[in-house]
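Read top to bottom, the protein sequences are chains W and Y. Position 397, counted from 1, in the first sequence is what our numbering calls 397; the numbers after and before it change by one each time, with no gaps. All you need for our numbering is the position in the second sequence, starting with 1, plus 1000.
Bear in mind the hints are in silico, worked out from the structure with no lab data behind them. Keep in mind it's a predicted model, so treat the numbers as computed, not measured. It is possible that part of the hints are untrue.
What the hints assert, rightly or not - Partial list, derived from the structure: chain W residues whose beta carbon lies under 8 Å from chain Y:
#, residue
1, 72
2, 90
3, 97
4, 177
5, 180
6, 189
7, 214
8, 288
9, 292
10, 296
11, 308
12, 310
To be verified - Sample of chain W residues lacking proximity to chain Y, with all beta carbon distances greater than 12 Å (derived):
#, residue
13, 27
14, 45
15, 92
16, 182
17, 213
18, 224
19, 251
20, 269
21, 285
22, 303
23, 318
24, 339
25, 382
26, 394
Note that CB positions come from ideal geometry on N, CA and C, so glycine has one too.
These are the residues of each chain, in order.
Protein chains: 2
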Amino acid sequence: MLSLVDLLNRIRSGALTPDAALGLARAAIAEREGRIGAFAHLAEDRGEGAGEGVPGPLSGIAVGVKDIIDTADMPTAMGSPIYDGWRPRADAAIVSALRRAGATPIGKTTTTPFAFLDPTATRNPRNPEHTPGGSSAGSAAAVAAGMVPLALGTQTGGSVIRPASFCGVAAIKPSFRLIPTVGVKCFSWTLDTVGLFAATVPDVALALELLTGRPMRAAAPEPIRFGVVMQDFAGDPDRDGAAALEETVRALQAVGIEARPVALPASMAEAWAVHPVIQSFEARAALAWEYDHRRDDLPPLLRAELEAAQGVTAAEYDAARSVANRARRDAKSVFAEVDAIITYAAPGEAPHGLGSTGQARFNRLWTLLGTPCVNVPGLRGASGLPVGIQVVAPFARDHVALAAAARLERALSS
Amino acid sequence: MLSLVDLLNRIRSGALTPDAALGLARAAIAEREGRIGAFAHLAEDRGEGAGEGVPGPLSGIAVGVKDIIDTADMPTAMGSPIYDGWRPRADAAIVSALRRAGATPIGKTTTTPFAFLDPTATRNPRNPEHTPGGSSAGSAAAVAAGMVPLALGTQTGGSVIRPASFCGVAAIKPSFRLIPTVGVKCFSWTLDTVGLFAATVPDVALALELLTGRPMRAAAPEPIRFGVVMQDFAGDPDRDGAAALEETVRALQAVGIEARPVALPASMAEAWAVHPVIQSFEARAALAWEYDHRRDDLPPLLRAELEAAQGVTAAEYDAARSVANRARRDAKSVFAEVDAIITYAAPGEAPHGLGSTGQARFNRLWTLLGTPCVNVPGLRGASGLPVGIQVVAPFARDHVALAAAARLERALSS
């Protein structure tokens, strides 16, 4: 994989020019994209130094941009024929932030249609017979395949952390609205969260710091107190998922860190249960035009979701929002004794085939809570595919989530 | 003015067909629009019954849609040459809701560029030498001129309540996100709120009920306990504004309602003071593409605002957000003894000339708090122009705000 930190160090030392760093990404894309299918569109190569944006701390960094995120100079097709060739007038806020930092959006990465569950044709670089997950399929795959050092995704259920886990890359779903969603196709306005994919946790931390102007590599509590959460309400993990969490606890123990079990208050299970109500009700409004005018062009899972969503009442939604608000208040108590918790990033390895993008059941509570979540790569399941571990910290403590994840990443590799 | 309730009653009784109701709006537009300039674009008249949408409770209702709100079948120009002729692919969520309810978006109403402070050429129907206010200039003017019975606006500072006050129409800025902002050009994602304009408070209440699926004419506390808030931190009102609030207190007394003075906790003044920090920081991100790529096409006030916004730090923004969150929690205490409060909707009458859209200083606290606000028309200043009164209720108690406003409207007309 292309490490963001490594590339920037080499650029800073003069060992690599920004153009040459972009060239590494372009060469990798030329070599591997045909096999993976991570891109919906590739930017034209304007040639060395030709208009690759203002110089900045991310100069030389090629970025994959999920294709529900608006770009003024590339199409934004939402993974759907309804938006085939669609050209927004403006860049999304996060794309402007990338360009201001000197980064080069090098292409639009594949997304499931409107970031829901209908799969893409993208393949998992760790094993092309398996799904890369979704909905940010192309972004996870592009980083995993070493084609880009940074990619943007979005998560409404588990669309950042799950594909990161399946593809064996680091990723963060930051605190809700830390990265603006302006110019990102809306599915659910209380859930949609823009996230980042990169090779390692420090790569993700540096990118988030440069893009948000907040210190993401700032001092975290030392030692970091870890907790373990099982999320019983979300069902059982696969054998590989269960084994990965056990292995993580042992790896932390091996470096002197005792991860204590944390029991979640009942409101967390209730919040987990109402996530789909909130998502459906808001998707009904957010995708009303598509449903009313282009229903036949919607893929089957999304169409069925929106058909069912028409029956969700405002009263049900308002009640679900109350449950979510109560859980957000209670979330503080979850972190009363610990700084960060570890839990499953996904049930297990990436499912075989491209028929399903996997399940978001271990992700959706945290999306609803708005807490920062980091996928830590490093472990593998029985068939050799990656199995990630999810690190969660309190709302607005993204730097703690990243510090804890980096600590865990080191423990897993030691 | 065209009353929504009256039109729907006449349609229900058979005295008026939906097509004839639309015809009333079209005739009024043909007669008055040249003098007012409330529309940026008018929908083609497809002829009686030709594709005016599905039948529904708002069939026959012509709606003005502020031109920062996406429409698939009409341009959406944001009041700016940067978006001249721009055609979004999809309708905004609220436009879909209108169409599903049977309403006919009859045109795009003028907006200040990107809904900031640079004026439009729209004239106040009460006196064309005066501004209609902004940013939802065309929507307030179109309702006031009797051209449409319903119009959509947005408020980030005071862009719904202020023009409603200046033009002498009813309006609601509902609780934050009661109406989705999906498909509405973003200025500030924590402040932007979609609102409604109509002739009277019951007209607004019925529209909000039909568009949100929530009972907005439901039973409110009886009697409604009114409070009076002066907002000293926002400076003094004009003589007309002060007189209007005094007259309102007297009018309530005359019908046996004692409006008690309510002192706001200190956090309200602090929240009022940080509103511009939040707005600027978010506008910088939301309008980054326009600022980076089309700066010369930005109007002077917005350009200066965005230039200044580049200097607002993430730390300042985060601190401002904390202040706002504290004030939102404290807002409950404001309503401990009262159900609704009355306060200034604007400093006074609409300013003379079209050089300024007036001031939002009596509105921005409530926008930041996310509380429902209703403009109650009925009073006039020294020069005969309307002066509105703002009614505010606790978050998510929109039906209480509307009930209190309706009670006040009746008191003012009795």
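Quick rundown of the hints versus the structure:
1. Evaluation of the residue 72 of chain W hint against chain Y yields a held restraint, the C-beta minimum of about 6 Å falling below 8 Å.
2. For residue 90 of chain W, the suggested interface contact is upheld, since its CB lies about 4 Å from the closest CB of chain Y, less than 8 Å.
3. This hint holds: residue 97 of chain W has a C-beta 7 Å from the nearest C-beta of chain Y, less than the 8 Å allowed.
4. The interface hint given for residue 177 of chain W is met, as the beta carbon of that residue sits about 7 Å from the closest beta carbon of chain Y, less than 8 Å.
5. The interface hint given for residue 180 of chain W holds, since its Cβ lies 5 Å from the closest Cβ of chain Y, which is under the 8 Å cut-off.
6. The criterion of a C-beta within 8 Å of any C-beta in chain Y is met by residue 189 of chain W, whose closest approach is roughly 6 Å, and the hint holds.
7. For the restraint placing residue 214 of chain W at the interface with chain Y, the shortest Cβ-Cβ distance is roughly 5 Å, inside the 8 Å limit, so the hint holds.
8. Given the 8 Å rule on beta carbons, the hint for residue 288 of chain W holds: about 3 Å separates it from the nearest Cβ of chain Y.
9. Hint on residue 292 of chain W holds. Least Cβ distance to chain Y is approximately 6 Å, under the 8 Å limit.
10. With its C-beta approaching chain Y no nearer than about 16 Å, residue 296 of chain W sits outside the 8 Å limit, and its interface hint is violated.
11. Nearest Cβ of chain Y to the Cβ of residue 308 of chain W: about 17 Å, over the 8 Å cut. The hint is violated.
12. Annotation: interface hint on residue 310 of chain W violated; nearest CB of chain Y at approximately 10 Å, more than 8 Å.
13. Listed as outside the interface, residue 27 of chain W is consistent with that label: its C-beta sits roughly 29 Å from the nearest C-beta of chain Y, beyond the 12 Å cut-off.
14. Interface exclusion of residue 45 of chain W from chain Y stands, the closest Cβ pair being 21 Å apart, more than 12 Å.
15. Interface exclusion of residue 92 of chain W from chain Y breaks down, the closest Cβ pair being 8 Å apart, not more than 12 Å.
16. Here residue 182 of chain W does not stay apart from chain Y, with its beta-carbon only about 5 Å from theirs, under the 12 Å limit.
17. Non-interface status of residue 213 of chain W relative to chain Y is broken: a Cβ of that chain comes within 12 Å, the nearest being about 4 Å off.
18. Residue-level check passed: residue 224 of chain W sits 22 Å from the nearest beta carbon of chain Y, beyond 12 Å.
19. With a cut of 12 Å on Cβ distances, residue 251 of chain W stays outside the contact zone with chain Y, its closest approach being about 34 Å.
20. Non-interface call for residue 269 of chain W relative to chain Y: holds, since the shortest CB-CB distance, roughly 24 Å, exceeds 12 Å.
21. At the 12 Å boundary, the C-beta of residue 285 of chain W falls inside the reach of chain Y, the nearest C-beta of that chain being 4 Å off.
22. Every Cβ of chain Y is farther than 12 Å from the Cβ of residue 303 of chain W; the closest lies at roughly 16 Å, confirming the non-interface assignment.
23. Listed as outside the interface, residue 318 of chain W is inconsistent with that label: its C-beta sits roughly 8 Å from the nearest C-beta of chain Y, within the 12 Å cut-off.
24. Interface exclusion of residue 339 of chain W from chain Y stands, the closest Cβ pair being 20 Å apart, more than 12 Å.
25. Residue 382 of chain W, annotated as away from the interface, keeps every beta carbon of chain Y farther than 12 Å; the closest lies near 43 Å.
26. Taking the minimum C-beta to C-beta distance to chain Y, about 14 Å, the non-interface status of residue 394 of chain W holds against the 12 Å cut.
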